[in-house]
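A.B. asks: Sequence:
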Amino acid sequence: MSSDINCEPDSRKILARLPSPLALRCFEAAARCENFSRAADELHLTHGAVSRAVRAIEDELGVALFERRNRGVFLTEAGRTLFRAVHEGFGLIREAIGEIRAASRDLPLVLSCEPTLLMRWLIPRWPAFQQRCPDLPVHLVAGGGPVSFDDGIALAIRRSDFHWPSGMTATTLFRERIGPVCSPGRLSAWFAGEGDRSVLRADAVRLHAQTRPQAWATWATQCGQTLAPAREQTFEHFYFSLQAATAGLGVAIAPWQLVRDDLASGLLLAPCGFVDDGSAYCLLSPADIVADSPQARVRDWLLSIA
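Take 561 as the starting number for the sequence shown in our numbering and just add one per residue.
It cannot be assumed that every hint is accurate.
[Claimed, not checked] The calculated label-pair distances, taken between Cβ atoms and stated as ranges, are:
(1) GLY826 x GLY649: 49 to 55 Å
(2) TRP686 x SER720: 41 to 47 Å
(3) HIS723 x MET679: 22 to 28 Å
(4) MET679 x ARG761: 38 to 44 Å
No lab work stands behind these hints, which were simulated from the structure alone. A virtual CB, placed ideally from N, CA and C, is assigned to each residue, including glycine.
Model the full structure from these sequences, guided by the hints.
C.D. replies: As structure tokens, this is what we get:
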């Protein structure tokens, strides 16, 4: 007597089986970096470990995810399909974990911002955000340069004067436009002629900040001007140079966003106007911002006031 025994595995189980989370993480990093070595550095693994993880997924799926040529790796069509899904999936997971952690600890969302921008642009406008989102607690902190989202920071506003780490999402808030500003009472002392206020006098005192030592040179280059030697004074922080200009000590190079309120109130004048310096302020997040999330509400409000 014989009986038929089906030894084939259930095809539905095969289709439902997923590669390991670690393997998917290795694939996502390798695909995003388009380089196994950089992915290994990011994940604190060896090149071989990342390569084996990717190979395991390819063997399980029966397709190549990368084309390996000329010491480089390039996603195949199947690889691009998987990368979109895995990248979005990890972004959703990070977002959900961040929301759960914040809710479980009753902690506010932490927004880091460069100090002078925080002081002169963001804080004066913050009451409007609180009125718009009264149910969303946000903690503002001052910080500059590279940001680590492992320290509890959810979002960061930074000027694009350094390289963003791979995987970080950047939303441009506004272009940086700079120009010389001075106290109204010192206009005739620092700028030429009654009929032409746009010419900086050679004897005008130029105010510098150690945090932006090339501000005057950048402005001159963008305007096609050559700056002759002149009296100068340097301050430790950018904010101090703006305060010195307000006090009539000289002329400072200022970004429009940082002095827009002082210009509107007449506290400062910008006789030459403003020019684009080639940089921008961006909102950084560790992954793509999910629609209707707390991060999205902050981002959308920032874009509305930029």
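A.B. asks: Now tell me if each hint is right for this structure.
C.D. replies: We went through each hint and held it up to the structure:
Our hint of 49 to 55 Å for GLY826 and GLY649 holds, since their Cβ atoms are close to 53 Å apart. Between TRP686 and SER720, the C-beta spacing of about 23 Å breaks the proposed range 41 to 47 Å. At about 26 Å, the CB distance of HIS723 to MET679 agrees with the hint of 22 to 28 Å. Range check, MET679 to ARG761: Cβ separation about 30 Å, and the 38 to 44 Å hint is violated.
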